[in-house]
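Colleague: With chain U's structure known, arrange chain V on it following the hints.
If you want the building blocks of each chain, they are given just below.
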Amino acid sequence: MPIIVLIALVVFFTSLNPNFMSLRNFARIAIAASPFLMVAIGVTFIIIMGSIDLSMEGGVALSAVIFCFAFLFFGGTLASGGWVAIIAALGFGAAYGALNGFIHAKLLIPSFMSSLAMGFVGIGATVLLTGGGIVRIDDDVFRMLLTYRFQGFPLMVYVAVFFLIVGILIQKKTILGRNLYAIGGAEDLARASGVPVLKTRILAFSLAGFYYALAGVLQVAKLGQAESVTGANLMFLSITAAVVGGVALWGAIGGVVNALIGVLIVTVINNGMVVIGLPDYIQDGVLGLLVIAAVILSTNRSAVKFVK
Amino acid sequence: MLEFKNVSKEFGPVKALSNINFKVDKGEIVGLVGENGAGKSTLMKIIFGAYQADSGTIFIDGRQTRFTSPRDAMSQGIGMVFQEQSLIGNLSVMENLFLGREQEFRRFGLIDFKKMAEASRAQLAKVGLDIDPTIETSKLSFSQRQLIELAKVLTLEERISGDLVILLDEPTSVLSEDEVGLLFEIVNKLKTRAAFIFVSHRLDEVISLSDRIYVLKDGEVVDEVKGNKAKASNIQASMVGREINTEYYRQDQRLPFDKEAAPLLSVQNASVAKKFEDISFDLHAGQVLCLVGTEGAGREAIVRTLFGMHSLDRGAITFFDKPSLKITSPHAAVSNHIGYMPRERKIEGIFASMNIAENMTSSQLGAYSRYGLLKKADELKLAASWIDKLSIKTPSASTDCIRLSGGNQQKVVLAKWRSTGSRIIMLDHPTRGLDIGAKEDVYTMIREMSAAGIGLIVIPDTFEEAIGLGHNITVVKDGRAVKNFNCMQEQVTPFDLVSAMT
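Line order of the protein sequences matches chains U and V. 48 is the number of the first residue of the first sequence in the numbering used here; add one for each residue after it. 60 is the number of the first residue of the second sequence in the numbering used here; add one for each residue after it.
Honestly, the hints are just simulated from the structure, not real lab data. For every residue, glycine included, the Cβ atom is placed at its ideal position computed from N, Cα and C. All the pointers check out, no bait thrown in.
Simulated pairs of lysine to any residue, SDA-like, Cα-Cα distance not exceeding 20 Å: (1) U/Lys219 x V/Lys440; (2) U/Lys246 x V/Leu432; (3) V/Lys435 x U/Ile212; (4) U/Lys153 x V/Thr387; (5) V/Lys452 x V/Met504; (6) U/Lys246 x V/Ser394; (7) U/Lys246 x V/Ser388; (8) V/Lys104 x V/Phe70; (9) U/Lys220 x V/Ala436; (10) V/Lys318 x V/Phe379; (11) V/Lys82 x V/Lys288; (12) U/Lys220 x V/Ser457; (13) U/Lys153 x V/Met368; (14) V/Lys448 x V/Gln312; (15) U/Lys246 x V/Ala391; (16) V/Lys174 x V/Asp191; (17) V/Lys435 x U/Leu223; (18) U/Lys219 x V/Leu433; (19) V/Lys85 x V/Val246; (20) U/Lys220 x V/Asp437; (21) V/Lys276 x V/Glu229; (22) V/Lys104 x V/Phe118.
Simulated restraints, written as ranges between beta carbons of each label pair: (23) V/Glu217 x U/Leu344: 46 to 52 Å; (24) V/Ala391 x U/Ala142: 26 to 32 Å; (25) V/Asp380 x U/Met48: 55 to 61 Å; (26) U/Val342 x V/Lys440: 36 to 42 Å; (27) U/Arg75 x V/Lys440: 44 to 50 Å; (28) U/Val213 x V/Ser114: 53 to 59 Å; (29) U/Met48 x V/Lys440: 30 to 36 Å; (30) U/Lys220 x V/Gln312: 40 to 46 Å; (31) V/Ala109 x U/Leu245: 36 to 42 Å; (32) U/Ala142 x V/Gln312: 54 to 60 Å; (33) U/Phe209 x V/Lys435: 19 to 25 Å; (34) U/Val342 x V/Leu234: 47 to 53 Å.
Heads up, incomplete: computed chain V residues facing chain U, CB under 7 Å, no partners named: (35) Pro389; (36) His390; (37) Val393; (38) Tyr399; (39) Pro401; (40) Phe410.
The shape of chain U in the complex, shown without the other chains (with noise of 0.2 Å):
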């Protein structure tokens, strides 16, 4: 049960450092879990659906990227207009995530094989825009969404609440959310059914490019700049936290609240390594030991087949 494994890790941590269980602490945890938990929910509509999607690194960076330059032409700052980039940046994700899911399911290449491309050719195009430099972004307002709190939390946790929610509705009171499960359950029964399978996929793509457009905005508010190496390591991390939290990858089990446990498992293994003081160089090999540890405790294995 992910939810025990969770709560588990919570107890370990602050027993090891009671400064874990900290409003300070939990509120570093939300800042680190917001843009990771959207690319997280993203590739969570494509695992139900059955396929993979490994392009978020471009997707991010790129977003990223070009919502900074949108920022600055509107005139760098969230009143002049700056705003308007906002919805560049997430129309922009919408697209190529569309295009993305049009490579793999209209010229039927391996979703895996055409993610993993597209997310190389948003890395490049980054790298080509920004000249391999980094583009910053220096509006107090926009930056309010890290800096102004409410409650302890900064603004940004709320946002990515709120897009947590609107994830939750997708999935259980749309069309679309309901069409990726039968997809993920049993494609050709979905197609005999009359289920349009074809757009139900490039939808899915989008829609999980427009939430890997919201982590790079938000990204972009935590750190106040893109570049290239914006979107670094998510692919691992939320397709970890969507396996861990419960998502199965043969589709159709699981879901975007799953992913959200998957996302503070993940988080806190990486935060209580800090706070209990873990050096450095040995933290990434200590997170992947744990999140295999995590994957077997919490996920049914029995249930498959086998693993490819």
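Modeller: For chain V alone, coordinates are given in the frame of chain U:
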């Protein structure tokens, strides 16, 4: 040498085999015949170890034994030549022959392919094949692959000390006449080394090849005849056996339909390459048309073509008297009120991870949503009304379908298509795997749909079902409609159907 005593096998409430007594002597060729669903494939799977019998005993050379897996059966001398080939196309012939046994050719940790090729040539010679064993298997013709399949089983000869029993599952169904002759020649030559169990739909072949023939029906051996005394007509009679109970199929409720009205569906000279050819028929409102034929005769392809899953090579299909209406995808079929219930309910019929309401609306989400948002209350209301109408046994409308019995799952699928207002519904083996009570429920539903003016195309599970349900029966053989029966005008017997299709 191989003997079954009182072997039974059940799948839930369905008795697949009951008290089977069956034996094969050394050097004997035994035929096994029966209509679809008679239990042939279950019996075969028990013989080669894929299923285990629930009760009864198995003897080899008088010694009691059991087969826990195909591998175990193989080590005791049982080999299976699969109908759907089990060779791996991208491996060479020799790699396929010795798949899983490469250690016999190991030298310093590496495979000695020269030695393997040598051994392969010896095996191929047994079945009269003169080909290079290093060639990639997918490059060979179908009949060559069939012979390699046989050669693979014959490698058992060197591995085990006892005699062999080899199962041949429909080995001739895709071979040309010459190739069949060659296969029979090889089988006859191998009689000194092995006994054969020969399963086929083609009665004449079974009679000419077999020393003895078992006839299966409803999971029982109903007849056992000597090959030289066998007559096709007698075997056919015992294959179909039981009396037709007109009440069982609700025949009294079979209403005449209006032939003068424009047909819901008109198929003219329809052909799809390699699947079927020159199929023509009309389907009227309220008519039940049954398609009868052997597995792979093309019935499923016809139905799937009507549902927009295959595209037509030649001919024309007219729906609802509108020549401009073309159904090119299942999506188009569903939105034009055409429904299709595929055959394997567990794989193709229900979404296992979805509940009853979600399954019922899966083909009509447009009607249960506004601006892309689902109206869940309406979905549950729909499900509740159909649960009531069809007396589906379930705790609630939001119960996962996987928890329902087979019959109730089938009702959910039928409700899905009826509630969309389908005017044409195609049912592929709607009663497969159901117990008798659930079957009756399905028959009642088919009558109700017919009375409501829906046109139905049914691929029935048995001949009796075809005769009991259909207004018309079309017999499909090798992709062609070979015979039409009008059940309202003539008394059709299962015997008529078998003679047309075999």
